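Peer 1: Chains A and B supply the protein sequences, listed in that same order.
Start counting at 1 in the first sequence, then tack on 2, and there's your number in the working numbering.
Start counting at 1 in the second sequence, then tack on 307, and there's your number in the working numbering.
Keep in mind that a hint or two might mislead.
[To be verified] Dumping the calculated SDA-like pairs for lysine to any residue here, alpha-carbon to alpha-carbon at most 20 angstroms:
hint, chain 1, residue 1, chain 2, residue 2
1, A, K173, B, L794
2, A, K173, B, T801
3, A, K130, A, K158
4, B, K791, A, N143
5, B, K791, A, G208
6, B, K786, A, K158
7, A, K303, A, L74
8, B, K780, A, G208
9, B, K791, A, S17
10, B, K786, A, V168
[As the list claims (entries may be wrong)] Label-pair restraints from in silico Cβ distances:
hint, chain 1, residue 1, chain 2, residue 2, range
11, B, F851, A, G244, 50 to 58 angstroms
12, B, G804, A, D69, 31 to 39 angstroms
13, B, K749, A, K158, 40 to 48 angstroms
Just so you know, these hints were derived from the structure itself, not from any lab.
These numbers were taken from a predicted model, which means no experiment stands behind them.
Beta carbons are placed, not taken as given, at the ideal position from N, Cα and C, and that holds for glycine.
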Amino acid sequence: MAEEVLIEKWPGTVSSVTIGALKNEGGSRSAIIKVGGQKTLPFLFKEGQIPNKPVVAFEIWDISPDDWHPELIKEYGTSLKDPVVWAEKCVNDHKAELLCIKLQGAHPDFGNKTAKEEAGLISQLLKKVSVPLIIYGCGDNEKDNEILPACSEAAKGEKCLIGDAVQENYKTLTAAVLADGHNIIAESPIDINIAKQLNILISDMGLSLERIVINPTIGALGYGLEYAYSIMERARLAALSGDKTLACPFICFIGQEAWRAKETKVEESQQGIIWEQVTAIALLEAGADILVMRHPKAIEKINSHIQELFGS
Amino acid sequence: MDKFKVTFYPDNKSVEVIKDTSILSAAISAGIYLKSSCGGDGVCGQCKVILKKGKVLSQPTGRLNPEERQRGMHLACLCEIQSDIEVDVPEESKLDFNKLSPQELELRLKGIFSEPEDVEAGVPGLKEPVFTHSPLAQKLYLELPPPNLEDKVSDLERLHRQIRRALNKPLMPNITSSNLANIRILSELLRDSEWKITVTIGQRTDANEILAIQPQDTSSKNFGFCFDIGTTTLSGQLVDLKTKKILGTKAAYNKQASFGSDVITRIIYAREQDGLEKLHHAVVDEMNEMIRELVAENNIDLNDVNCITCAGNTTMIHLLLRIDPTYIRREPYVPTANFIPVVKAAEAGLKINPHGILSLAPGVSSYVGGDITAGILSCGMDKEEELCMLIDIGTNGEIALGNKEFLVTCAASAGPAFEGSGVTCGMRAAKGAIQKAKINPKDFSVEFSTIGGSLPIGICGSGYIDLISEMLKTGLIDKSGKIKIELPGLVRNTESGKEFLVVEKSRSANQAEIVITEDDIENIKRAKAAIYSAAAVLVRHMGFGFHDLKKIFIAGGFGTFLDMKKAIRIGLLPDLERNRFIFVGNSSLAGARSMLLSIDAFTESEKIAQMMTYLELSVEPTYMDEYIAALFFPHTDLNRFPSLKL
Chain A
3 MAEEVLIEKW
13 PGTVSSVTIG
23 ALKNEGGSRS
33 AIIKVGGQKT
43 LPFLFKEGQI
53 PNKPVVAFEI
63 WDISPDDWHP
73 ELIKEYGTSL
83 KDPVVWAEKC
93 VNDHKAELLC
103 IKLQGAHPDF
113 GNKTAKEEAG
123 LISQLLKKVS
133 VPLIIYGCGD
143 NEKDNEILPA
153 CSEAAKGEKC
163 LIGDAVQENY
173 KTLTAAVLAD
183 GHNIIAESPI
193 DINIAKQLNI
203 LISDMGLSLE
213 RIVINPTIGA
223 LGYGLEYAYS
233 IMERARLAAL
243 SGDKTLACPF
253 ICFIGQEAWR
263 AKETKVEESQ
273 QGIIWEQVTA
283 IALLEAGADI
293 LVMRHPKAIE
303 KINSHIQELF
313 GS
Chain B
308 MDKFKVTFYP
318 DNKSVEVIKD
328 TSILSAAISA
338 GIYLKSSCGG
348 DGVCGQCKVI
358 LKKGKVLSQP
368 TGRLNPEERQ
378 RGMHLACLCE
388 IQSDIEVDVP
398 EESKLDFNKL
408 SPQELELRLK
418 GIFSEPEDVE
428 AGVPGLKEPV
438 FTHSPLAQKL
448 YLELPPPNLE
458 DKVSDLERLH
468 RQIRRALNKP
478 LMPNITSSNL
488 ANIRILSELL
498 RDSEWKITVT
508 IGQRTDANEI
518 LAIQPQDTSS
528 KNFGFCFDIG
538 TTTLSGQLVD
548 LKTKKILGTK
558 AAYNKQASFG
568 SDVITRIIYA
578 REQDGLEKLH
588 HAVVDEMNEM
598 IRELVAENNI
608 DLNDVNCITC
618 AGNTTMIHLL
628 LRIDPTYIRR
638 EPYVPTANFI
648 PVVKAAEAGL
658 KINPHGILSL
668 APGVSSYVGG
678 DITAGILSCG
688 MDKEEELCML
698 IDIGTNGEIA
708 LGNKEFLVTC
718 AASAGPAFEG
728 SGVTCGMRAA
738 KGAIQKAKIN
748 PKDFSVEFST
758 IGGSLPIGIC
768 GSGYIDLISE
778 MLKTGLIDKS
788 GKIKIELPGL
798 VRNTESGKEF
808 LVVEKSRSAN
818 QAEIVITEDD
828 IENIKRAKAA
838 IYSAAAVLVR
848 HMGFGFHDLK
858 KIFIAGGFGT
868 FLDMKKAIRI
878 GLLPDLERNR
888 FIFVGNSSLA
898 GARSMLLSID
908 AFTESEKIAQ
918 MMTYLELSVE
928 PTYMDEYIAA
938 LFFPHTDLNR
948 FPSLKL
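If we strip away everything but chain A, and leave its shape as in the complex, we get:
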């Protein structure tokens, strides 16, 4: 006798976040990206709708990432010297659908670029590439509070995804995102309670929960992956059970974490590419909606993996 598979029905839905605005929507993008909207756990197509595929964003920097692994530097070559060229390369050569520009150069220890410079870069990027954009700060709260509002303004109407807002520093960015019609990344340190608290704080300022993407903070394979996995799983279960304050898509910074692993540091090694893939695949199963990755080969593999999962 055939075994009957128990179908689970969830009362909650993950909110659907749109990144990018088309010309007729007040932006200038040629396509937009939708993430979230699931009514079930990852890839359980029989149990509920999964309207949007997870998407990979190429991570690019505003300065040349000199400490990146030779494998990555070899791959991108001289384009690394110019973020606009780099962005174009991702879109043209690697068919990037989404870009994540990390403004590392604004960090006081990495060049201390001004808000004006960074805003100028964002305008440039929006002019030269037509895919939607994620704008990611340098991680220094004080500096981010200067540059991100300027970048937000420069990208007004383009419905970018901008981050990170953290519990100690979310007000300035939230206000900017609210004013300029973007979405926000809310970062919490692998802690479901803080993730929820931050979402409440942001939505208390008037930014709707449908415009928040959670950065749960992750660890790569062997470096705390399982903690990230279980926190994401718990948050997603809560969301599907009806907790709206946790029903936001996840963004996972896979590349940044994977290439930090000791195993990837060996010269002329392909380990990093594998590390990126394995970490990404695991976190896709945990519910990741946006994967920020570095190596084109790893990204290609993950894209085809996603295609396979969706049966196309």
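Use these hints to put chain B onto chain A, whose structure you have.
Peer 2: Just chain B now, with coordinates in the frame of chain A:
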């Protein structure tokens, strides 16, 4: 060994100490109590003194600013004495040991002790268990039939026989060697008083003991004391054991604070040379002082005080009895004793009738002491059909859950923020403390009332609860407790974050601004999270939800001024109908008094301690998660506070 003379000004007190003694130790020997919440580790920076003359070896510290150094300031705990020295003790470094004023006292004990009749009738809102009047020390006036040739029973047996008849229950003839003195004088005394005598009987759960024999009828003069020995405050009451009347109440700060503000620091200090002795004396001396004063005020002979009952946490009881508390803080956290049998008060250094007895409320574990047993006894939780909870909001918050079927407790270390310690302008609930506050949502001005109605000095626990609740309500702070509005003049940026001006200089008693900082809010948030999460874990551990609780007793020094609605708004207490909450104030003292007046109550307290199980939160896997979730106003899970939605 070199000895040096240390003189402290302005008190002009001198003491001789050996070389390398710290100024802090010298001060304690001289009877000068300095603030020192770290117990002399050089961490808290409170024991500032000015060296006027002489030489010391002082360790470097970052706790003094250049200006203070210039003035010759040192931290007393970090200075080793190298010659005869003279030291100035600034007022702010002294522990404030003045007895509480009657006004403060009244406020502190309000609710249950203001009217002694109320106590007899019970705490409002609950059926206080009524115990038979049968004090732990009882006086019996006896007229013995003189012996004759037909009735040749010995004097002592004659006495026992008469007592047995009077008590109407069998007497254990355990007249111990300590009472040999009584036997020696017996024959003479009986004949001199023409066989009319008064015996004082000490009662234990399973035994009676002759404490004293006096000629003639003195049975109307029988008094006792009950004490609540808190980590910060000592409260004591003189009770007429015959009429059950409370003759007077006193409270004073626990001088042990000089050796550290929390029990752990004091346990560590007890290991130092003479440490245990000093801790013991700090509490016993204060109790003797209270006894002496109350006895004098009521014109009572000290010899007519026959009994003392004490309720306190396990560490406090150990220190009172000069028992080494070391193993309380070492795994697996075992105290010397939870049930301490009745002892002679004199053995503990308490000065009442030399034969008088001392009974201690039985404890449960190292961190759940007799104070909580006494608390449960006084609110009658162990007799309730319905599920109840007792929350004692103190530095060591204690929580008990149960009814007549079962009792479980746990301890949540909330820290001293609610007692006004560790917060910028915090103070204990005393005169001049802001206890109620309201913030105008239009201009964010603060309306407040202080204890005693005087000019404000600082903010006490209930004041903080009110202020934070109002700050949330008016949108001045976000749910994480960060100030989110720019208000020129009222909200200011400092190095350690923002602060909100509550009272400007000109309106305060000390011409000093009263502010609440983001760090203060953070401290209160942690304290409330510790208490709420402990309660939540305890309730869930037993398979219940908060809604199953029919009565919640709130105890603690500031409980009487606690605004329930506001305590719920900040998430200190679960969101239940306000009428389920019952204030019990100092339930520990009330329980100690019940025990003093009735052996049945005492026996009951032993039963309570025995039936209580202890849940160790540190090994409870869900506790940390609950705690983090509670670090939000009111809580990360807003569904738990439905009445606060919108």
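Peer 1: Now tell me if each hint is right for this structure.
Peer 2: Hints and how they fare:
About 16 angstroms separates the Cα atoms of A:K173 and B:L794, which keeps this hinted pair within 20 angstroms; it holds. With a C-alpha separation of about 18 angstroms, the suggested pairing of A:K173 with B:T801 holds against the 20 angstroms cut-off. Note on A:K130 and A:K158: the hinted pairing holds, with a Cα-Cα distance of about 16 angstroms set against a maximum of 20 angstroms. About 16 angstroms separates the Cα atoms of B:K791 and A:N143, which keeps this hinted pair within 20 angstroms; it holds.
Using a Cα cut-off of 20 angstroms, the hinted pair B:K791 and A:G208 holds, with the two alpha carbons roughly 14 angstroms apart. Among the hinted pairs, B:K786 with A:K158 is inconsistent with the structure: their alpha-carbon atoms are about 29 angstroms apart, more than 20 angstroms. Among the hinted pairs, A:K303 with A:L74 is consistent with the structure: their alpha-carbon atoms are about 16 angstroms apart, no more than 20 angstroms. Restraint check for B:K780 and A:G208: satisfied, since their Cα atoms lie roughly 17 angstroms apart, inside the 20 angstroms limit.
Between B:K791 and A:S17 the CA atoms are separated by roughly 27 angstroms; this puts the pair beyond 20 angstroms, and the hint is violated. The hinted pair formed by B:K786 and A:V168 meets the criterion: a straight-line CA distance of about 14 angstroms does not exceed 20 angstroms. In this structure, B:F851 and A:G244 break the distance hint of 50 to 58 angstroms, their C-beta atoms being roughly 23 angstroms apart. A beta carbon spacing of about 34 angstroms between B:G804 and A:D69 agrees with the range 31 to 39 angstroms that was offered as a hint.
Remark: the range hint 40 to 48 angstroms for B:K749 to A:K158 is contradicted by a beta-carbon distance near 33 angstroms.
Hint compliance for this structure: hints 6, 9, 11 and 13 are broken, all remaining hints hold.
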